[in-house]
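Protein sequences, first through last, are from chains A and E. Residue 275 is where the first sequence ends in the working numbering, and the numbering goes up by one at each step. Residue 244 is where the second sequence ends in the working numbering, and the numbering goes up by one at each step.
Since the hints were derived computationally from the structure, they do not count as laboratory data. Any given hint might turn out to be false.
[What the hints assert, rightly or not] Far from chain A by the CB rule (all over 10 Å, computed), these chain E residues: (1) Y10; (2) D75; (3) V112; (4) S130; (5) G141; (6) L142; (7) A164; (8) M165; (9) S179; (10) E241; (11) F242.
[As the list claims (entries may be wrong)] Derived lysine-lysine pairs resembling DSSO-like cross-links, with alpha carbons at most 27 Å apart: (12) E:K94 with E:K15; (13) A:K39 with A:K130; (14) E:K94 with A:K79; (15) E:K208 with E:K132; (16) E:K15 with A:K140; (17) A:K71 with E:K15; (18) A:K30 with A:K70; (19) A:K71 with E:K93; (20) E:K204 with E:K94; (21) E:K204 with E:K132; (22) A:K79 with E:K208; (23) A:K22 with E:K240; (24) A:K223 with A:K251; (25) E:K132 with A:K70; (26) A:K70 with E:K208; (27) E:K16 with A:K133; (28) A:K251 with A:K30; (29) E:K132 with A:K39; (30) A:K7 with E:K16; (31) E:K208 with A:K111; (32) E:K132 with A:K71; (33) A:K79 with E:K15; (34) A:K70 with A:K22; (35) A:K111 with E:K94; (36) A:K133 with E:K15; (37) A:K215 with A:K17; (38) A:K130 with E:K16; (39) A:K140 with E:K16; (40) E:K240 with A:K17.
The C-beta atom is built at its ideal place from N, Cα and C for all residues, glycine as well.
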Amino acid sequence: MSEAVIKLENIVKSYGKHDVLKGVNMQVNKGDIYGLVGKNGAGKTTIFKMILGLSEFTSGNVSIAGSTNKKELYANRRKVGFFVGSNFYGYLSARENLQYYARAKGIPHKKINDEITRVLDIVGLEDSQKPYKGFSLGMKQRLGIGNAILGNPEILILDEPTNGLDPQGIADVRHMIRRIRDELNMTVIVSSHILGELEHTADRFGIVHNGIVAKEITQDDLKSKKPEVNIALSVEDIERVQKLLAENNIKILHEVEDKMTLEDYYFELIGGGAD
Amino acid sequence: MISLVYADLYRIFRKKSFRVIVITFMLLSFFSNLVSSVRHEINGASFLDALNNYTTKGYLLLLISIPIFLGVYSDEVSSHSMQCIIGRGLTRKKILWAKLIDCVLITTIVFVIYMGLQALILPSSGVSFSSKQMHAYIAYGLICILKIVGASTFSMMLLFITNAMPVGIIGVIFFTTLSPNLVRLLYSFEIKAVDYSYDMLLFKAMNKLVAGAFAWELIPCVVLYIVGAWLITYLFFRRKEFDF
């Protein structure tokens with residue numbers, strides 16, 4: 001059985017009479033890339049706030065690395081790195097901002113420079129010297145992810161890390177997330193309201209709707225929902241294949257005239273993409 | 001918590017505008033005191049009179065109070081870095097303690113450098129202190145530090161309760177310059193309640209310290225006012241909802 005690194009049991013969060021979370025149950029296992037999907041306002045960010053202790057839940061239990069005790073939760077949050085947007089000082093460079101967080105996180109003084117060089121290399125900001133206030137959105141997102149992986153946490157939380165990025169930026173972040181999981185052995189929880197976005201990245205999904213995690217599914221569950229074999233053919237082949245299948249008594253369930261996705265077309269035209 | 005204090009100190013002293021204002025403050029304060037004392041006969045006593053006037057009214061202190069407040073508290077709120085620190089497992093109580101320690105350390109460092117350099121330069125300007133005057137000189141420095149720490153802590157309370165940076169800055173302006181003068185005005189109308197205000201207690205403590213006496217007034221200043229403001233802030237801060 002998989003080891004749960006984060007577990008939420010019946011989490012309710014109310015503001016007055018308004019319930020934002022209405023009994024969230026979710027489990028993230030060690031080594032997962034867990035995609036939290038749901039429309040804007042569904043409660044994804046609130047779930048993250050509960051896990052990170054930035055907001056108190058009205059009832060329920062949060063468990064991080066096996067403990068629900070308040071003191072142990074504080075200690076175990078040190079195993080969590082997270083990206084929740086821009087949390088940097090405008091007058092400091094990427095390296096200086098990371099130095100600030102490295103010191104605040106208590107990373108030993110002698111290791112700080114090596115650790116920051118490693119992180120800047122992973123997020124591709126090793127050459128950046130200018131202050132954070134001059135960064136593009138993509139650079140800001142990358143630095144945010146860099147800060148999240150600083151100190152090699154066991155669990156990584158990424159709240160909409162591709163928000164506002166161009167297609168190349170989205171592909172870079174997607175590639176970076178897989179690399180972080182595979183090379184650094186981190187468990188990753190990533191949220192997005194763009195379903196197609198997470199489908200390429202995560203291997204388990206929690207679907208947030210109306211303040212609950214309505215369903216948890218895996219990539220295998222998605223595949224099992226589509227038992228047919230899909231064969232992509234170019235237009236010239238269709239008649240010949242139809243004839244061949246008919247001759248061999250193979251039934252065609254349905255024919256879908258598929259088109260190229262805009263993302264595929266974009267990357268074919270300009271080059272790039274992570275895959 | 002110590003790690004956070006260390007990180008904060010490094011960050012604040014890396015801020016270019018902070019360094020520029022600190023140097024400007026030091027130069028302005030030095031020349032302002034010197035010019036004031038030159039109006040009379042220039043010596044240790046006239047320089048201390050100028051220092052006394054400047055400490056009591058607090059106008060020049062405002063120049064240094066604002067960057068200290070911005071560096072310690074306000075930048076933290078505007079950058080959302082506090083969320084990152086809380087999310088990585090530091091308790092809110094420790095964060096608030098770290099902020100208070102930051103404020104005390106930064107103010108002390110600035111004043112030790114300023115007062116130290118000034119004491120080194122003054123003899124070449126014809127100002128020399130007797131040992132008693134040197135004692136008074138140090139007392140003025142201590143009172144200035146307490147004035148700035150007090151003003152920053154009271155303003156921190158306003159900032160964290162309202163979550164509005166302008167309110168915090170207005171607080172710094174009020175507590176550094178307006179409040180001491182308001183207290184003096186109310187005192188002239190013989191309103192006794194002002195005897196227990198932070199500014200009046202500091203003023204009395206300064207006079208006692210300058211005279212070489214024990215200033216018990218410093219105890220309520222620190223315990224009642226500074227720690228009290230910290231506790232009120234903590235009551236609001238411990239359940240505060242943070243946005244990303």
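We went through each hint and held it up to the structure:
no.	hint	verdict
1	Y10	violated, 6 Å
2	D75	violated, 6 Å
3	V112	holds, 23 Å
4	S130	holds, 44 Å
5	G141	holds, 29 Å
6	L142	holds, 29 Å
7	A164	holds, 19 Å
8	M165	holds, 14 Å
9	S179	holds, 30 Å
10	E241	violated, 5 Å
11	F242	violated, 4 Å
12	E:K94 with E:K15	holds, 24 Å
13	A:K39 with A:K130	violated, 36 Å
14	E:K94 with A:K79	holds, 19 Å
15	E:K208 with E:K132	holds, 13 Å
16	E:K15 with A:K140	holds, 20 Å
17	A:K71 with E:K15	violated, 35 Å
18	A:K30 with A:K70	holds, 22 Å
19	A:K71 with E:K93	holds, 13 Å
20	E:K204 with E:K94	violated, 33 Å
21	E:K204 with E:K132	holds, 18 Å
22	A:K79 with E:K208	violated, 52 Å
23	A:K22 with E:K240	holds, 21 Å
24	A:K223 with A:K251	holds, 21 Å
25	E:K132 with A:K70	violated, 54 Å
26	A:K70 with E:K208	violated, 48 Å
27	E:K16 with A:K133	holds, 14 Å
28	A:K251 with A:K30	violated, 43 Å
29	E:K132 with A:K39	violated, 72 Å
30	A:K7 with E:K16	violated, 44 Å
31	E:K208 with A:K111	violated, 50 Å
32	E:K132 with A:K71	violated, 52 Å
33	A:K79 with E:K15	violated, 30 Å
34	A:K70 with A:K22	holds, 22 Å
35	A:K111 with E:K94	holds, 24 Å
36	A:K133 with E:K15	holds, 13 Å
37	A:K215 with A:K17	holds, 25 Å
38	A:K130 with E:K16	holds, 14 Å
39	A:K140 with E:K16	holds, 21 Å
40	E:K240 with A:K17	holds, 18 Å
In the structure shown, a violation is registered for the earlier hints numbered 1, 2, 10, 11, 13, 17, 20, 22, 25, 26, 28, 29, 30, 31, 32 and 33, in ascending order.
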